[in-house]
Amino acid sequence: MFLRWDLMLTASAAFGLANGPYASAQTVYIDEMATRFQSTITENLEFIMAAFFGMLMFSVENTQVWGNIISYYVLKNENSSYAGNLSMSSECGANFFPSENDTNQNLDPPTEYQRFLLIGIYLGMGLLSVLIMVFFWNL
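All letters in the sequence shown, in the order written, are residues -18 to -1, 1 to 121 by mature numbering (1 follows the signal peptide of the UniProt record, and there is no 0).
Each statement offered as a hint is correct.
Simulated restraints, written as ranges between beta carbons of each label pair:
(1) 95 x 33: 39 to 45 Å
(2) 90 x -11: 20 to 26 Å
(3) 97 x 42: 23 to 29 Å
(4) 52 x -11: 23 to 29 Å
(5) 49 x 26: 31 to 37 Å
These aren't lab readings, by the way, just hints derived from the structure by calculation.
As the structure is a computational prediction, the values presented were derived from the model and not from experiment.
From the three backbone atoms N, C-alpha and C, an ideal C-beta is built for every residue, glycine too.
My request is simple: use the sequences and hints to build the entire structure.
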């Protein structure tokens, strides 16, 4: 699949339409949990809400960090002999021209094994999170 503007705009609109209700429902759920928890203790409700949203944001950012670590180790090229070229820094940043970029030697796509391994790890972690949620779900 190649990236095209019509595909990107459609996907962005679909994500925006889906993410709005999701974020609202998530906020209401955290708010309800914090309110119920506050009724069992004597702390201030604002403090409890801040703590609950802090735990939520910690777990969201934590998954980003662990996902990047896993991606790094799965996609790492062990056979790379690229030593870097410090003299080409004038072609980076605002001076970067994609048509003239012959200095980047690590643009090999991942192998099928690496792709399937990465997808398998992420799917496994997603299933593990569902199992943990079901295990701790208080019906």
